[in-house]
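Hints given; two lone chains; assemble the complex.
As a plain string of letters, each chain reads:
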Amino acid sequence: MIRRLLAAASLVLAAVVFNASVAGAVGETVGSCIFEELEEASFAGIDGEGLDAVKNLKTAYKNEAEGAEDIKKDFESDLEGCLDAPNPILPETTEIIWGGGAFVILLVLMRWKLFPVVRNLMEQRTQRIQDSIDEADKTMTEAAEVKASYEAELADAKTEAARILDTAREQAGVVRADLQAKAEADIAEMRERAALDVEASKRQAIADLQSEVAEIALGAAEAVLGRTLENPEVQHQLIDDYIARVGANQQD
Amino acid sequence: MSQVLALEFPPVTHLFQWPDFLFTDTPLALNKTGLIHVLALLLTAGLFWVAGRRAALVPTGAQSVAEAGIEFVENNIVMQTIGPEGRRFLPFLTTLFFFIFFSNIFGVIPIFQFPANSRMAMPLVLALVVWGVYHVVGIRAQGFFGYIKASLFPPGVPKFLYILVTPIELIQIILIRPLSLAVRLWANMVAGHLLLVAFAVLSAALWGAGFIPSALPFFALILITAFEIFVSALQAFVFTILTAVYISGSLHPEH
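One line per chain: the protein sequences are A and B, in this order. Mapping to this note's numbering: the first sequence position 239 is 239, numbers consecutive. Mapping to this note's numbering: the second sequence position 191 is 1191, numbers consecutive.
Bear in mind the hints are in silico, worked out from the structure with no lab data behind them. Heads up, a few of these hints could be off.
On the chain A side, residues computed to face chain B include the following (Cβ under 8 Å) [as the list claims (entries may be wrong)]:
{"hint": "1", "residue": "L106"}
{"hint": "2", "residue": "R119"}
{"hint": "3", "residue": "L121"}
{"hint": "4", "residue": "A177"}
{"hint": "5", "residue": "M190"}
For each residue, glycine too, the CB sits at the ideal point set by N, CA and C.
Just chain B, same shape as in the assembly (with noise of 0.2 Å):
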């Protein structure tokens, strides 16, 4: 037991931040984090490749998950906030949602270990991303001051309240969306691999202990592992859904 007493625990910081292994030193400074959204770039294009390279009538393997991932994005998320005018985000949308899945994913992929977004750059760098998309489209849609007033003054509100209404909507426009974006898939991300962490750390140190009840947490381990990858994809949606809807309401102001 004095083994498991002797259990410690490594600090946060050290379980998120990764030492430079490629261009030490320069801009171009290469770590695990970075590695792992380059890889969530080759997995995406990967298989969109060989997805588009094989025109079999029933679908299977790479060209079946690329299909349902469409379809998917299209169904449950483009359709149910946009409606059909949206099918032109499509590209875009099912880019986000594969990103960020692939980036996710790798929190419990052997030997990487590692969910990119939980680190805050690259959730970070997609909400301004969408955050920039939904401005422009709203900007198209209705005009820069149309867009502005619809945004501003919502349709409906007595007039006086727009003193109260207007600076809480430019605040949730300009900052809350894009930061309530990003704080949410990192702080879902960072919960998990602590999670993980935690039950690992405490398995192998019992396991080390001999202390048979180790099989307890290693068996929350086994729990928490696939809650990680259902949490990945649920991210992933809750992203992209979110995107289509700031989508949606720079296109329909009335909704």
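In isolation and in its complexed conformation, chain A is listed as follows (with noise of 0.2 Å):
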């Protein structure tokens, strides 16, 4: 902008300074015409030439020679066309001529090749621009349909997905549940049997240590008594003593 603005400067300057010559480009000026008209001065039936002839011509129409005033006139009407400025406002022929004939040309010129050439160009390029902003449009139309359809088949996926890995995780807990009912049954089969044989084992234990114990205190006591405990009822009688005995003496 700054580079424009510089430039238009420049030529503004450029130009002016030209311009300044234009007092040179003026033609003649009154003054030089006149002078011109005297220098020239040339008059029939009167002597000399320039300023010679004019003043010639004077002392002969001072002496009201013959023609001297008419003559007079004409050389005076030719200085007053010194100050005679063609009218500005009149055109000239010839600026007609080659003024209109230039136009004429030109506009010939213009309506017949330049102005439709140019005139294509911009449309074709107008079209051409405006070809491909249609064309974006339709490639942006099309990805957008493009990515609507992948964005709808990806919400497919995932309710799909989500679907699957419901199912799968209702199946995981059907699975479980049946497991793990199936290994609490198992668990509480097996206490149970495990009670079951604890209890058999203990009874088993229990029977074998009252049969061991009553005979140890049968023995002890035969050894004791140095007798045989005939009586069934005492014997029953001594050995639950005993073994009362000892269960308290064990716990003590």
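Spelled out as structure tokens, the structure:
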């Protein structure tokens, strides 16, 4: 922008500098016209040329020579012609011919070839740009459609995945519940069996212990008493007492 | 200062009349004014020829000037005055605009320094061409009598006023329109040229006298030169838009 302004300013300045010589282009002045008329003065019947002729004419006029008055009047009107300026408003025929001719030729050239060529170029470019815009719009629309379809597919896939996941989760839940129930049942069964086993073993052990303790007690009693305890009731009484005592000692 | 006081301003006629330099004393005598018109023809034709040869997508140089010119005439002149149907006058109006502009701009172009339209010949010829164009357009659009009726008896005017309006309209359409077109262009260019000469003569005289404040008229000269460039374009625009307005009036009498 600054470069353009500078260029415009220097253009104006250059025009001004050259224009300053406009005064030099000026044509002849009134003074120079009169000077030339005086210098080139020459009259029929009057001697001399230039200023001499003018002087002689003046003398002849003063002496009232024949025809001198007419010659003087003609010369004066010639001199006044220097002041006569052509009417600036009246058009010059030659300028009408050249200017009008130039305009008519230009108009014909422009209508025939120059204008339509440039105009067509502009229209072609406008059309090309419009086509590009349409093409871009079309591509955009297509891309939007593709995107929309991808998004729809993606959404479907997500829904499907979620559904599969839910199903899997459900199935897993069912399997887990089954397994858990089965495991619990197994555990309960095993626990029950173990309890039964323990109970049986316990009974067995108690029975075994009782019979063994009875025998030991009997042996001990027999050894102590030195007799065999014949009476079964006494025998039992003794055994029970003993066992009770042993149990009490063990608890202490 | 004595030189300043001796400053002689050239007679106005001597600033506008140029001697013939070619085909002297024949009807085809060529002077500076005629030469500038021929140059305006060559410049306009050259501009569009160069613009038409290059088909760059992004226009530059001559192409950009020609296209900007066409678009300017289309958008700011034709569409504003006639409307879309005025596009058929685009070649004529564009030619008019560029031809007038180039003829004017020579007023600030070094060496030439003369706006060719400051001579009455060309503005008058152009005004007569425009005069012919809008009459022909009007007659074609409305028929001979329709055009005369619409032009001389504008609708919406009370009948008794036609006594006053019709003669005025007649004078306006036949005489005032072309004359005002021609005189407007001519007078503007004359005034601009006189201003430039006045300030150039003043600057030169003051400078020659060693008078320092000569910088002042010289500065004014710079401004006036810039202004004349603007006026050259403005007058081309005014002439063209008025032509479009007259054509529009012939096409649509109701406006």
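Going through the hints against the structure:
| no. | hint | in the structure |
| --- | --- | --- |
| 1 | L106 | holds (5 Å) |
| 2 | R119 | holds (7 Å) |
| 3 | L121 | holds (5 Å) |
| 4 | A177 | violated (74 Å) |
| 5 | M190 | violated (90 Å) |
In summary, the numbered hints that this structure violates are 4 and 5.
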